[in-house]
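J.: Listed here are the chains, written in short residue letters.
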Amino acid sequence: NAGVTQTPKFQVLKTGQSMTLQCAQDMNHEYMSWYRQDPGMGLRLIHYSVGAGITDQGEVPNGYNVSRSTTEDFPLRLLSAAPSQTSVYFCASSFSGGEGNNVLTFGAGSRLTVL
Amino acid sequence: AQKITQTQPGMFVQEKEAVTLDCTYDTSDQSYGLFWYKQPSSGEMIFLIYQGSYDEQNATEGRYSLNFQKARKSANLVISASQLGDSAMYFCAMREPLTYNQGGKLIFGQGTELSVKP
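Those sequence lines, one after another, are chains A and B. Residue numbers for the first sequence follow the numbering used here, beginning at 3 and rising by one. Residue numbers for the second sequence follow the numbering used here, beginning at 234 and rising by one.
To be clear, the hints were calculated from the coordinates, so they are not data collected in a lab. Just so it is clear, the structure is predicted and the values come from calculations on it, not from any experiment. There's no promise every hint is true.
[To be verified] Here are the computed distance ranges between Cβ atoms for each label pair:
hint : chain 1 : residue 1 : chain 2 : residue 2 : range
1    : A       : 85        : B       : 280       : 31 to 39 angstroms
2    : B       : 273       : A       : 117       : 24 to 32 angstroms
3    : A       : 64        : B       : 236       : 44 to 52 angstroms
4    : B       : 250       : A       : 58        : 39 to 47 angstroms
5    : B       : 234       : A       : 67        : 22 to 30 angstroms
6    : A       : 40        : B       : 279       : 16 to 24 angstroms
7    : A       : 16        : B       : 236       : 18 to 26 angstroms
8    : B       : 305       : A       : 24        : 37 to 45 angstroms
9    : B       : 288       : A       : 55        : 33 to 41 angstroms
10   : B       : 250       : A       : 71        : 44 to 52 angstroms
[Unchecked claim] Stretches of chain B that chain A covers, calculated by requiring three or more beta carbons in the stretch to come under 8 angstroms of a beta carbon on chain A:
hint : stretch
11   : 273 to 280
12   : 342 to 348
Note that CB positions come from ideal geometry on N, CA and C, so glycine has one too.
Can you make the complete structure from the sequences, with help from the hints?
T.: Next up, the structure:
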């Protein structure tokens, strides 16, 4: 059981380049999300999805695009990388709706540096 | 808007002693969930404990317990008998009310870095 798999683990980009962070989960979770982690700011939500074909913006969506064509995959696209997007990115998933704790399961993280 | 505040950027504790990590939250909703996650130096996010807003008992998971004071809007994490392996960053998080469109959406605090001294 792989859980949440993120690739790549490390990436260095030049300003203006584009790239895609991949995220896949094998737990049949409806809910998937992307966070970025910056020192002293905790984790901030970028985009999330409650199912295939449905996405919505989080707290810091500017400069990022997402799509959800399947239940398993939720890629994050940086359209034109900027130094302010240097961060650690986490993909996370959970079951959606209903009662209970619906714990978010996180991927291992992707460290992105934009020069 | 919902908000989570962790006012202790760093904490030290002696091995085998107990430690309390503070977390306060702000919400106007009646139904919400509170979580604690651990992030060791390796970087992964590890779920520790959960408290629902309607739960009457404080949550416990092994050496972790959550001191939930609803009127004060606080959800402090208590780690008993600290171990060297407890050295890590700890994040408090709140889930907005469960609706179809929000699922497991969490808001995180800034984190507290705990160092356990031998």
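J.: All the hints need checking, so say for each whether the structure fits it.
T.: Checked hints:
no. : hint                              : in the structure
1   : 85/A - 280/B: 31 to 39 angstroms  : 32 angstroms, holds
2   : 273/B - 117/A: 24 to 32 angstroms : 28 angstroms, holds
3   : 64/A - 236/B: 44 to 52 angstroms  : 21 angstroms, violated
4   : 250/B - 58/A: 39 to 47 angstroms  : 44 angstroms, holds
5   : 234/B - 67/A: 22 to 30 angstroms  : 24 angstroms, holds
6   : 40/A - 279/B: 16 to 24 angstroms  : 20 angstroms, holds
7   : 16/A - 236/B: 18 to 26 angstroms  : 36 angstroms, violated
8   : 305/B - 24/A: 37 to 45 angstroms  : 42 angstroms, holds
9   : 288/B - 55/A: 33 to 41 angstroms  : 34 angstroms, holds
10  : 250/B - 71/A: 44 to 52 angstroms  : 51 angstroms, holds
11  : 273 to 280                        : holds (count 4)
12  : 342 to 348                        : holds (count 3)
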